[in-house]
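Since the structure of chain W is provided, determine the placement of chain E on it from the hints.
Spelled out from the first residue to the last, the chains are:
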Amino acid sequence: MNIIIALICISLFIAVGFLISFLWSLNDGQFDDTYSPSVRMLRDGTVKKKKTKKNERAE
Amino acid sequence: MVKSTLIKSLPCFHCGEPCESTSVFDGKSFCCQGCKTVYEILNENDLCEYYEIDGFSRMRFKEVAPEAYDYLDNADVSAKILQFESEHLSKVSFYIPAIHCASCIWLLESLDKFDDAIIKTEVSFGRKSVTIDYDPSKVKLSALAALLAKVGYAPIISLQENDILSDKSKNDRQLVYKLAVAGFCFGNIMLFSFPEYLGLDGHDSLLRSTFSFLNLLLAVPVVAYSASGYFNSALKSLRVKEVNIDIPIALGLLALFVRSTYEIIMSVGPGYFDSFSGLVFFLLIGRWFQSKTYESLAFDRDFKSYFPLAVNVYVDNTWKPTVIYQLRSGDVIRLRNMEIVPADSTLQEDEAFIDYSFVTGESRPVACHKDDLVYAGGRVIGKPVVLHVLRQTYQSHLTSLWNKAAFGKVHESHYKKLIDRAARKFTIVVIALAIVTGVVWQFHDPSRMWLVITSVLMVACPCALALAAPFTYGSILREFGKRGFYLKNSDVVERIANIDTVVFDKTGTITNGNEPSSNFIGALTAEDEACIKVMTGASLHPLSKIIERSIGRYVEVEMNSFMEIPGRGLIAEFNGRQYKVGSAAFVDAPHTAHLEQSRVFVSVDDDILGFYALNARVRPGVSQMIKALGQKCRALVSGDGDGDRDAMMNLFGSSVEMLFTQTPEDKMNYVETLQNEGKKVMMVGDGLNDSGALKQSDVGVAVCDDTGIFTPACDGIITGNQIGFLHDFMALAKSSNFILRSAFAISFSYNAVALSFAMAGHLTPLVAAILMPLSSVSVVVFSSFAVNLAARTHFSRIEFITK
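Heads up: the protein sequence lines correspond to chains W and E, in order. Numbering follows my numbering, with no gaps: position 49 of the first sequence is 49. Numbering follows my numbering, with no gaps: position 95 of the second sequence is 95.
Any given hint might turn out to be false.
The following label-pair restraints were derived from C-beta to C-beta distances [unchecked claim]:
#, chain 1, residue 1, chain 2, residue 2, range
1, W, 16, E, 338, 50 to 60 angstroms
2, E, 788, W, 16, 35 to 45 angstroms
3, W, 9, E, 46, 54 to 64 angstroms
4, W, 26, E, 737, 27 to 37 angstroms
5, E, 632, W, 15, 48 to 58 angstroms
6, E, 737, W, 6, 50 to 60 angstroms
7, E, 661, W, 26, 47 to 57 angstroms
8, W, 16, E, 46, 48 to 58 angstroms
9, W, 26, E, 319, 46 to 56 angstroms
10, E, 122, W, 26, 47 to 57 angstroms
Hints in this document: simulated from the structure, not taken from any laboratory. The beta-carbon is built from N, C-alpha and C at its ideal position, and this holds for glycine as well.
Chain W with its partners taken away, still in its complex shape (with noise of 0.2 angstroms):
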């Protein structure tokens, strides 16, 4: 019976870690803004491509 202990205060013990790091989520400001991200995430890669459309006509 007493692994069942041990068991729950491991369980516990991981909860408590999780719940650590969405408080830490949350100071770092992950929450403020929920909407760019979505948007920012999108970027990057697409204006490189363009510029190489572009070269490729030129040539």
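Frame of chain W; chain E shown alone:
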């Protein structure tokens, strides 16, 4: 190139306005030079994808002179604005109201493509701000701001704005921390309580005590951290000998915690920690729901936001940008067209035109002569002027209004909230019941007396009562916000519900100052119109802007010469013909005074063609709204002359008091007089000249056409075209009282059932664990649902504002 081609109005490639194609570039038409420049810049930097991003929505380009940001290079100014400063890396945040779509984010975050000195940019969409990391050794701060302005994202800079940006969300975050801890502990305590619900056997005593002590351990952060706000608030209100809702809550929470701790330590029972942590969790959710704020709007601005950060001061034979709070009496300052006079000064020029619409609401510029006093808050029209500062900004005529009592007081102090009134009665009843049950049990079974008393206090914890108000008001706040009426906080809803008197400002509130109707009396050819459009386009005078916008058709013409004579008119030459646009005296027209409308005359080679009649346009729906308000609509107070009296009389009816030529102080005093009569006054206004009245009134509502521009300090901001629905908004706020009372009734019925269990001594942890969350949830569901239903009936005519 003098071409005369008639082009049907095409949408401008950049802003989408039905433009008259002044210029074609790259096969695309543009309505103005500004839009074309933006496209050229984007094209040059391969950023035209801007126009193709999903969710791109067009906006009008606003011209800002690039040198308008020169003062940012002043060390005093930049020190206030920069968040971080070093030799090769600086960090700055700008507030940009134009941010509105995915393309905006995309473009602003591609800013590093324009200039190598820009290291990184990051947009915060909710706050409408952009944070830029840049290399100060390569690019100046003013150049950064000018670049933003050039691509259509002119930053708005004021000292106050920066404070607001930096500390607005801190409070909210605290609450979420507390909520996270409470939620975590609540979930785990429930888990550990589960075996208890199902029934543990006697021989599992080791497990039982382990679970109980784990629960106790988990409950400690809840009581010490998450619930601390309730204990503090209860203590505070006890100290001032007032009963608010937090006192019975703190009492109930304390009873729950002490009782549970006792049961676990003495191993007489499993405790009630599941109910305890659940209550705290629900209470905090209520607070969080209520705390909805509009991050990009500011409700607490004072005059500082209206004034520029710096002006050019004449020091040591040069003009140097100087921060305005360093202005001293005797300084000589120079202001350009459209800049605001930062302090009361005397004019050094022979003649100048000052637009006091900011201060008085009167839109016509006032002519001033040498040595005339020019008040702070006026806007220079036309040529640059040199002024001699008389008083510091803080002592100026206009700003002295802020030293008045109205700006120091806090509203909440003199008005009792509905919830606190209910809490007062509730607390008395609960304490009486606890004493009575205690006495009864003392005779019946003294050993259980304390248990029963704590049970009574525990279930009497008015959690559901405390949830009713946040969810009702919070839901209303959201419903308002979706329809273009933004409230400062949820307390304002209750104050709107009790309003019995409404006072209106005229210009900008009842009428739309920016878009008067203009029609030409006389006859013009298409070519004449085109010439007038080009001329007026070159002028910055407000009336010119209106005329320019009203001319739709376009024929390409070339202007050979142009001259603006401030306060009089414009002269330009097209194809050898001299066009004059301006006042009656300017074109030698027979002069007749027309107070109710502004007239702009047009002549070609001294041949008078006619005039533009410009009437301030009454906002849509206003007359219906005034009818619907009926007796509540009390007065119109305006800073303007009484030229509009008849028109306004028609609109408002004869029972409404009409006050014209009111100074800002007059308006404030008028509201105060009404309040002394016992009225609850709502002031609806727009300008800086209304700010005293807005602050003095019980609910101050600022009307604005573009939420990006400055509004005076107020309790709510309403978008201009929604003002016709003001009565609907007030009706919904009023129904909140009924919804709240119904929610109270539900909450009390639960409390009555729970109390009967407790007084009879049958309150087991299981009963508490079911009853308490159930009452909370049902109240939450009821109030949100009822508000939604009420909003649907009251707001059937109002459309959502998509933002």
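Going down the list of hints, with the structure as the test:
1. Distance hint check for residue 16 of chain W and residue 338 of chain E: the Cβ-Cβ separation is about 59 angstroms, which falls inside the suggested range of 50 to 60 angstroms.
2. One distance hint, 35 to 45 angstroms for the beta-carbon pair residue 788 of chain E and residue 16 of chain W, holds here, with the actual separation near 38 angstroms.
3. The supplied range of 54 to 64 angstroms is met by residue 9 of chain W and residue 46 of chain E, whose beta-carbon atoms lie about 58 angstroms from each other.
4. Take residue 26 of chain W and residue 737 of chain E: their Cβ atoms lie about 36 angstroms apart, and the range 27 to 37 angstroms holds.
5. Distance hint check for residue 632 of chain E and residue 15 of chain W: the Cβ-Cβ separation is about 55 angstroms, which falls inside the suggested range of 48 to 58 angstroms.
6. The hinted range of 50 to 60 angstroms is satisfied by residue 737 of chain E and residue 6 of chain W, whose Cβ atoms lie roughly 56 angstroms apart.
7. Checked against the hint of 47 to 57 angstroms, the C-beta distance between residue 661 of chain E and residue 26 of chain W comes to roughly 54 angstroms, which is consistent with it.
8. Checked against the hint of 48 to 58 angstroms, the pair residue 16 of chain W and residue 46 of chain E passes, with Cβ atoms roughly 49 angstroms apart.
9. The hinted range of 46 to 56 angstroms is satisfied by residue 26 of chain W and residue 319 of chain E, whose Cβ atoms lie roughly 48 angstroms apart.
10. Between residue 122 of chain E and residue 26 of chain W the beta carbons are some 18 angstroms apart, a value that contradicts the proposed interval 47 to 57 angstroms.
Hint check: a violation occurs at hint 10 only; the rest are consistent with the structure.
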